[in-house]
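Asker: Sequence:
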Amino acid sequence: MDMDKDRSSPSPWFARGLMLLGATVVGLLIAEAVARIVAPYPMTYSWMGQINGVIAPLPNVHGRHFVPGLYDTTFSFSPQRFRGPQIYTPEPGPDVLRIAALGASFTFGSGANDVDAYPFQLQAILQEHAKQGGADHSVEVINAGISGSAVAEQALWYQNWVRGFHPRLVILSVGCAVDHFTGLFVTDANGNVTPRPTSAVQAAAQETNTVRTLASRLPGFRFLAEHSEFFNLLRISEGRVMSHRRDVALVGNGLPDLANPPQQFQLDELKREAGEVLWLNELVKQSGARMAIAVLPCRENIYDDAPSKWIDQARREYPLVVSTLRDVSSSQGMPFTELSGTLRDVARHSPPLYYHGKYETHPTPAGYRAIAEAVAGFLLEQRLIPPAH
2 MDMDKDRSSP SPWFARGLML LGATVVGLLI AEAVARIVAP YPMTYSWMGQ INGVIAPLPN
62 VHGRHFVPGL YDTTFSFSPQ RFRGPQIYTP EPGPDVLRIA ALGASFTFGS GANDVDAYPF
122 QLQAILQEHA KQGGADHSVE VINAGISGSA VAEQALWYQN WVRGFHPRLV ILSVGCAVDH
182 FTGLFVTDAN GNVTPRPTSA VQAAAQETNT VRTLASRLPG FRFLAEHSEF FNLLRISEGR
242 VMSHRRDVAL VGNGLPDLAN PPQQFQLDEL KREAGEVLWL NELVKQSGAR MAIAVLPCRE
302 NIYDDAPSKW IDQARREYPL VVSTLRDVSS SQGMPFTELS GTLRDVARHS PPLYYHGKYE
362 THPTPAGYRA IAEAVAGFLL EQRLIPPAH
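Each number in this note's numbering corresponds to the 1-based position in the sequence shown with 1 added.
A few of these clues could be false.
Label pairs and their calculated CB-CB ranges [claimed, not checked]:
(1) Thr90 - Arg317: 42 to 52 Å
(2) Gly135 - Pro220: 55 to 65 Å
(3) Ala125 - Asp269: 38 to 48 Å
(4) Gln333 - Leu59: 27 to 37 Å
(5) Gln207 - Gly135: 26 to 36 Å
(6) Ile312 - Gln203: 37 to 47 Å
(7) Ala125 - His63: 17 to 27 Å
(8) Gly149 - Asp328: 24 to 34 Å
(9) Thr90 - Ala125: 12 to 22 Å
(10) Gln265 - Pro198: 26 to 36 Å
(11) Gly149 - Val116: 14 to 24 Å
(12) Val116 - Asn191: 45 to 55 Å
(13) Trp14 - Ile312: 52 to 62 Å
The hints are simulated quantities; they were obtained by calculation from the structure and are not laboratory data. What you are looking at is a predicted structure, and each value in this text was computed from that prediction instead of being measured. Cβ coordinates follow ideal geometry from the N, Cα and C atoms, glycine included.
Could you build the full structure based on these sequences and the hints that come with them?
Answerer: Written as C-alpha cells, this is what we have:
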C-alpha cells in the first residue's frame, strides 16, 4: 500500500518545477502590466533585414502594428521589399512615371494600413490628376520608406536596391529632427561626405544580423511581437544595444552618449546629414533621375496642445533641419519644400492629423492624406510631373 501511495504522489522535483513555472508566468504577467502602464511600446512584427550590411525590409512579410487605444493596423512587404502588394517591372514603360519615396516612418506609414500611407495616397492623387487632364501617362509611387532609418541608411538603400527599379523621380522625405548617428558615412579632410567601404559595413553589421535572424526563429516570436508590450520593450532595447555595437565597430569607442549628445556633436551630424543628401543627389543624377526634398513636420511643430516627450527636440531642431536642407537644395538646384505651414492650415479644420499618445505621435490616415496632397501640389507646382493635355 505504501509503495502504491508513493507511486501516485508527484516527486519533489516535479512540484518544484510547477512552482517555478507558475512563478515565471506570474512574473511575466506583472512585467507586461507594468510595461503597458509605465513604458508602453508599439507591438509589431519585426520586418528588418539587411543588404550589404545596411538596413532593408525583408521580402514577403505580412504583420500587425498595434498601439492600444490608438490604432491596430496591418502592413505588408512585397517580394521586392517595398511596402504594399504592388509588383513593379524592372524598367517602367515609356508611358509610366515612376517615383520612389525615400524616408523613415512618416514615409513608411507607421500607424496606417498599406493603402493609407502617404506614398500610396500620393499615387492615387497623381493618377486622378492625370486622368482628369487626359494625360497619356500613368504614375507609380514606390513606398521605399524604412521606419526608424536615417538619411545615411536611406541613401545606401537607394544605392543597394531602389535604383534597380529605375525611378525617374526620387522624393527624399526628411523628418523633423537631426538624424541619429549611424557611422555609415565619413567626412574627409576636404569636407566631402562619402560612404564607408561596403566590406567594413558588412563586417560591423554581421553580429546584429545574426542576432536578429536567430531571435526571429524562436518559437512564439511572432505572437509575442504582435501582442506583448514587454516583449517589444526588450526587443527594442536589444536593437539599440546591437546598433551601438555596430557604431563602435565602425568608428571606435570615441562616441558620446547618443541618448543625450553634446550640441556640437548634433551640429556636426547635421552637416554630415547635408553631405549625405548631396551624395545621394549625385547618385540619383548618375542614374538618370531627379531628386526633390520634402521636410515633414512632427506633431509638435503643428499643434500647441499638451507637451510630449519630444516637444523640445522637435521645436529646436526642425528649423535647423529646414534651413540646412533648404541651403543644400538651393546650391544644387533641387526642388525643396517643408510642410509645416500647409499642415497647420489643414489642421485648423480637419480631424486630428497626428496621434497623441504618450509614445506615439505619428500621422493619422488623415495626416498622411494631408501630406500626400501637399507633396502632390509641390510636385505639380515644380513641374516635376508631366503636364496633362
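Asker: Now tell me, hint by hint, if it's right for this structure.
Answerer: Status of the hints after comparison with the structure:
| no. | hint | verdict |
| --- | --- | --- |
| 1 | Thr90 - Arg317: 42 to 52 Å | 44 Å, holds |
| 2 | Gly135 - Pro220: 55 to 65 Å | 57 Å, holds |
| 3 | Ala125 - Asp269: 38 to 48 Å | 40 Å, holds |
| 4 | Gln333 - Leu59: 27 to 37 Å | 34 Å, holds |
| 5 | Gln207 - Gly135: 26 to 36 Å | 54 Å, violated |
| 6 | Ile312 - Gln203: 37 to 47 Å | 38 Å, holds |
| 7 | Ala125 - His63: 17 to 27 Å | 22 Å, holds |
| 8 | Gly149 - Asp328: 24 to 34 Å | 27 Å, holds |
| 9 | Thr90 - Ala125: 12 to 22 Å | 20 Å, holds |
| 10 | Gln265 - Pro198: 26 to 36 Å | 27 Å, holds |
| 11 | Gly149 - Val116: 14 to 24 Å | 22 Å, holds |
| 12 | Val116 - Asn191: 45 to 55 Å | 46 Å, holds |
| 13 | Trp14 - Ile312: 52 to 62 Å | 55 Å, holds |
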